[in-house]
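Peer 1: Listed here are the chains, written in short residue letters.
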Amino acid sequence: MDRSYNAVMSRKTEIMKKAVGIDYDTFEKEGIVFDYEAMMREAGYSLEEIKKIQGETGVGNTPIYELRNLTNLARKMAPAGKGARIFLKDEASNPSGSFKARRAATAVYHAKKLGYKGVIAATSGNYGAAVASQAAMLGLKCIIVQECYDSQGKGQPEIVEKARKCEAYGAEVVQLTVGPELFYSFLNLLEETGYFNASLYTPFGIAGVETLGSELVEQIVEKTGKQPDVVVCTNAGGGNLTGTARGMRKVGAEGVKVVGASVNLKGLHMASDTDFNKKSFTTGHTGFGIPFTTNPDRSDVPRSAARPLRYMDRYVTITQGEVFYMTESLAQLEGLERGPAGNTSLAAAFSIAQEMDEDQIIVVQETEYTGAGKHIQPQLSFARDNGIDLHFGNPRDEIPGKSIILPEHPKMIKAVDLDMDKIRQSYVKNMVKKKSDDREFSDEELSYIAVETNLTVEEVKGRLK
Amino acid sequence: MLAKKGDWVMIYNIVLEPKDRAPQIPEDTKKVPLEMWIKGFLLEDTEVGEMADIETIVGRKVSGKLIEIHPNHKHNYGNHVPEILQIGKTLKELLFDGEGK
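Just so you know, the sequences run in chain order A and B.
Going letter by letter, the first sequence gives residues 179 to 643 in the working numbering.
Going letter by letter, the second sequence gives residues 424 to 524 in the working numbering.
These are calculated hints, taken from the structure and not from any lab test.
Treat the hints with caution; some may be incorrect.
[Unchecked claim] Which stretches of chain B does chain A cover? Using the computed rule of at least three CB atoms under 8 angstroms from a CB of chain A, they are:
# : region
1 : 443-455
2 : 464-476
3 : 480-490
Quick reminder that beta carbons are idealized off the backbone N, C-alpha and C, glycines included.
When you get a sec, could you build the whole thing from the sequences and use the hints?
Peer 2: Structure representation (structure tokens):
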């Protein structure tokens, strides 16, 4: 069989069809429209089914903490009467150490149900560990394909640690240098092994996160007698935010504001060999967050089940220095030592809480495990070794790839709003590109774009002029 | 150095030479090959630096240049970063109003 780059890429659709077990064509409608809800219903699982699946492998039902000291600290810096109660959903308590266990549990369960012998996932991160852990529990083989090193053979301590964790669960880890052709290696492996593609973006993966949203609401109601006002989700590929928001709606929490938070890595190219090790965040950053929000179908399956723009009320960025600072704050003031990447939403919430009233509730919806490599100490040390200027100062002066600025004072921690209008505009532009001919959008297509962007049909029309 | 059959080793391959890389990637990445590292059990005695066949932990047979015997994880908690110590100190002073001073 022809294993050249072009030959393998041209067999992409055929390989994927075998490896995911979903006929995406079933959900394709007129023009650019596809029936997202039908896909989630028919190809995914209901909330009740997921709870049962996850319960069998100890996934979910993670604790929720009220961060009293951080709330008090926020109130010290907020105007009188401001400073919402900050709660944190401790997803690090899942078997593999992050919320990704929820995604993996459903995907691996599904693979086993369909009779696949093994699962493959392409990820440098927590998801790989989650798939490996679930595969171990269900007795399936597992291969993780990871973008790990630059051309000097140097890897972020965080990524190297995650490779170790995957191996600890019995997975084979295929480590690659930087580049989007990781997808080519991934396709090759799927074709060679006939394993299931445990993609992050299948309906099973996203539906798996719905329990995070439903639990969170139920726990907050139980603790405080009311629903949360704001939930902050770390946003990368969009699955975390999408699943959480869907789960919240399924238990009747329609009014909760959903905020996406990403680390600002502006100016660093995701496929650049030299930029690779200048990033101190390998996930939860704008390099994934923005492209996947404005064009969700750029993932490794024909249609992504992660469609964050449908659910996002607000999108903020936070700097690397601010997230590292908040990670240390969480350990020092709340006694919770957790991995930095998961604390992106915490840093944003600490700032947003100060805009809210004292009797309001803001929830940070995830944490991740920490340890050698995945801790602020090795990550800051690695940054310094790579010539990144690390110092205390004003986070607003941070330049990704050049400096990491730890806030001189916690009052300098400030979530910066991205322009939602521009993000929606960018989504609409991508749809126009997708159309590939000069015809006008049909009414059905306009309604689809409206739902996708959380706009009215009239607003969509206005953007097309 | 000779690695013995059955040893846990690491092999190396070039997946794509620079000329074969995808057209859309940045210039710096296009200059270098796409490289790959895989670990597994060595199937025949082989000298480090020679081509080797391995069986991975999931039972896949792969060939590549033998580069390491008993590869270990080299990551750790890194060098001491003095700034980190200042964060908790500052915060506790702020929050607890200089208690214990």
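Peer 1: Each hint: holds or not?
Peer 2: Verification of the hints:
Here the region 443-455 of chain B counts 10 residues with a CB under 8 angstroms from a CB of chain A, which clears the bar of 3, and the coverage holds. Counting residues of the region 464-476 of chain B whose beta carbon lies closer than 8 angstroms to any beta carbon of chain A gives 0, which falls short of the minimum of three for the stated coverage. For the region 480-490 of chain B, the proposed coverage by chain A is satisfied: 4 residues have a C-beta within less than 8 angstroms of a C-beta in that chain, meeting the threshold of three.
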